[in-house]
Structures are given as C-alpha cells and as structure tokens.
Amino acid sequence: NAGVTQTPKFRVLKTGQSMTLLCAQDMNHEYMYWYRQDPGMGLRLIHYSVGEGTTAKGEVPDGYNVSRLKKQNFLLGLESAAPSQTSVYFCASSYGGLRTPEAFFGQGTRLTVV
Amino acid sequence: AQKITQTQPGMFVQEKEAVTLDCTYDTSDQSYGLFWYKQPSSGEMIFLIYQGSYDEQNATEGRYSLNFQKARKSANLVISASQLGDSAMYFCAMREFGNEKLTFGTGTRLTIIP
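Read top to bottom, the protein sequences are chains A and B. Going letter by letter, the first sequence gives residues 1 to 114 in the numbering used here. Going letter by letter, the second sequence gives residues 115 to 228 in the numbering used here.
Each hint should be verified, as a subset may be incorrect.
In silico BS3-like cross-links for lysine-lysine, where the CA-CA straight-line distance does not exceed 27 Å [as the list claims (entries may be wrong)]:
#1 Lys71/A to Lys57/A
#2 Lys9/A to Lys57/A
#3 Lys71/A to Lys14/A
#4 Lys187/B to Lys57/A
#5 Lys57/A to Lys117/B
#6 Lys70/A to Lys9/A
Footprint (simulated), chain A over chain B, 3 or more residues, beta carbon under 8 Å [stated by the list, open to error]:
#7 153-167
#8 213-223
Every beta carbon over 10 Å from chain B, so not counted as near; a handful from chain A, in silico [said to hold, decoys possible]:
#9 Ser18
#10 Leu22
#11 Lys71
#12 Asn73
#13 Thr112
By construction, these hints were calculated from the structure, which means they are not laboratory data. Cβ coordinates follow ideal geometry from the N, Cα and C atoms, glycine included.
For reference, chain A alone in the conformation it holds in the complex (with noise of 0.2 Å):
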C-alpha cells in the first residue's frame, strides 16, 4: 500500500527558482492538506483541499500556490523560491467527516532555498 507519497524527497533551490511539490494518494480521500514544519514551530498549514478542484488558504498562504486537478494529487507550486521557505514539507490526506477522520501523511519533502 502507498498511502500518501511526496515528490521529490530532497531538494536545493536557488533564490527565484520555482519548483512544483507533488503528493499523491491512493485512499480515495476527499481532504488532501499541505504543512510545512520549522523548528519550534509545530506544522503550520499553507493550503488545503476539500474535493477535487477546490482549494483554500490555510495559516501561511503567502509564496504558495497550490492545484488539485485531480482527486489523487495536490500540487504546491513555489513560485519564486526565498530562503525563508526552507523547511520541510508535509502532506497528508483524511477522509472527509467522522469516518476514520485521522489524517495519513507523506514522508516529507527537505527544501532548501540558497
């Protein structure tokens, strides 16, 4: 079983680049959310989806873009990488309602922007 799985697993980006993160999921899940986590921080939400072709703007939307094109996949585009977007990402994805509403996440993507 794959579950939940990011594309790519490492990255370094110079300033101004751009990059796409994948996720994919195999759970037929409604609700497909992306995280990046800092030191001390805890995860902070940047975007999340509650269905295919929708998207909302979580805590720290600001430099993120993000699609869901189709129900297996949310994608979150860098447009102009800076460095204060180096972190680790995380995705995850949970059904939508009460039933097994936990969560299931990817295994992190490591960006850093020089």
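With chain A's structure known, arrange chain B on it following the hints.
Coordinates of chain B only, in the frame set by chain A:
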C-alpha cells in the same frame, strides 16, 4: 489566534512512569475532532489517538489515552508505562468539521530516561 496550544516544549520522564502531555484548544465550532500524532527522529508522522467532540467517553488506544475535558477545552495525552521508544515529538491537532481545517500545535519533545 492560536487554535492549539502545547505549553510544554520538552519533557523528561523516567522509563516505566506515566506521562501527561498537555493540549488546550480554541474553537467556536460544536463539531470538531482532536488528534495526537507522534513524530520520531526519523521524521514520519504517526497517528496515535482520536477524540470527537461529541464522544462522551475518553478515547483509549493501548497505552495511550486522551483526557478530554470539553468545558476546559483541553485534550491531554496520557502515556502509561513509558518506554524508551516513546521518545519523540508529540503533536496535538484539531479538525473543525465546519471548515475542515486541520491545525497543529507546536509540539512537545518527550525524552524517556532509562
């Protein structure tokens, strides 16, 4: 406003003792869920336990129990008979079923001492 507050950045506990990790939350929704996740040094996010806002009994999963006090808006995690393998970061999270946001606290780093 901070939705999830974890006031213990770090804790040291003797092996085999019980430990309580604190979590308070803030929401105006009547329907919400509370979660605890464990993040070992390897980085993956492991779901531990869930409590729904309408659940009358405290959730239990093996050595984990959730001390849910709705009026105080607290959802403390209790780990009984701690083991060396319990050393990890622990995150409290809340999903409000109105907007479906899943937000996390800043975490508590638990270290079990032999």
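inquiry  = Over 10 Å from every CB of chain B: does Ser18/A meet that, or does the non-interface label fail?
reply    = holds, 25 Å
query = Against chain B, does Thr112/A keep a CB gap of more than 10 Å to every residue?
reply = Its Cβ never comes within 10 Å of chain B, the nearest being 15 Å, so this holds.
query = Given the proposed pairing of Lys9/A with Lys57/A, does the C-alpha separation stay at or below 27 Å?
reply = Within the cut-off at roughly 24 Å; holds.
ask   = Holds or violated: are the alpha carbons of Lys70/A and Lys9/A at most 27 Å from each other?
value = Roughly 21 Å between the alpha carbons, so the hint for Lys70/A and Lys9/A holds.
request  = With a cut-off of 27 Å on the C-alpha distance, tell me whether Lys187/B and Lys57/A pass.
outcome  = Holds: Lys187/B and Lys57/A sit about 25 Å apart, inside 27 Å.
ask   = In terms of Cβ atoms, is chain B entirely out of 10 Å range of Lys71/A?
value = holds, 15 Å
query = Taken at face value, is the distance from the CA of Lys117/B to the CA of Lys57/A at most 27 Å?
reply = At roughly 16 Å apart (the allowed maximum being 27 Å), Lys117/B and Lys57/A satisfy the hint.
inquiry  = Can you confirm whether chain A covers the region 153-167 of chain B, using C-beta to C-beta distances below 8 Å and requiring at least three such residues?
reply    = holds (count 6)
Closest CB of chain B to the CB of Asn73/A still more than 10 Å away = Answer for Asn73/A: holds, closest chain B Cβ roughly 18 Å.
request  = Apply the coverage criterion to the region 213-223 of chain B and chain A: a residue qualifies when its Cβ sits closer than 8 Å to a Cβ of the chain, and three qualifying residues are needed.
outcome  = Contact hint for the region 213-223 of chain B vs chain A: holds, 9 residues under 8 Å.
request  = Compare the distance between the alpha carbons of Lys71/A and Lys57/A with 27 Å, and conclude whether the hinted pair is satisfied.
outcome  = OK: Lys71/A and Lys57/A at ~18 Å, within 27 Å.
ask   = If you draw a straight line from the CA of Lys71/A to the CA of Lys14/A, is it 27 Å or shorter?
value = With a Cα-Cα distance of about 31 Å, the restraint between Lys71/A and Lys14/A is violated, given a limit of 27 Å.
Violated hint for the displayed structure: number 3, the only one.
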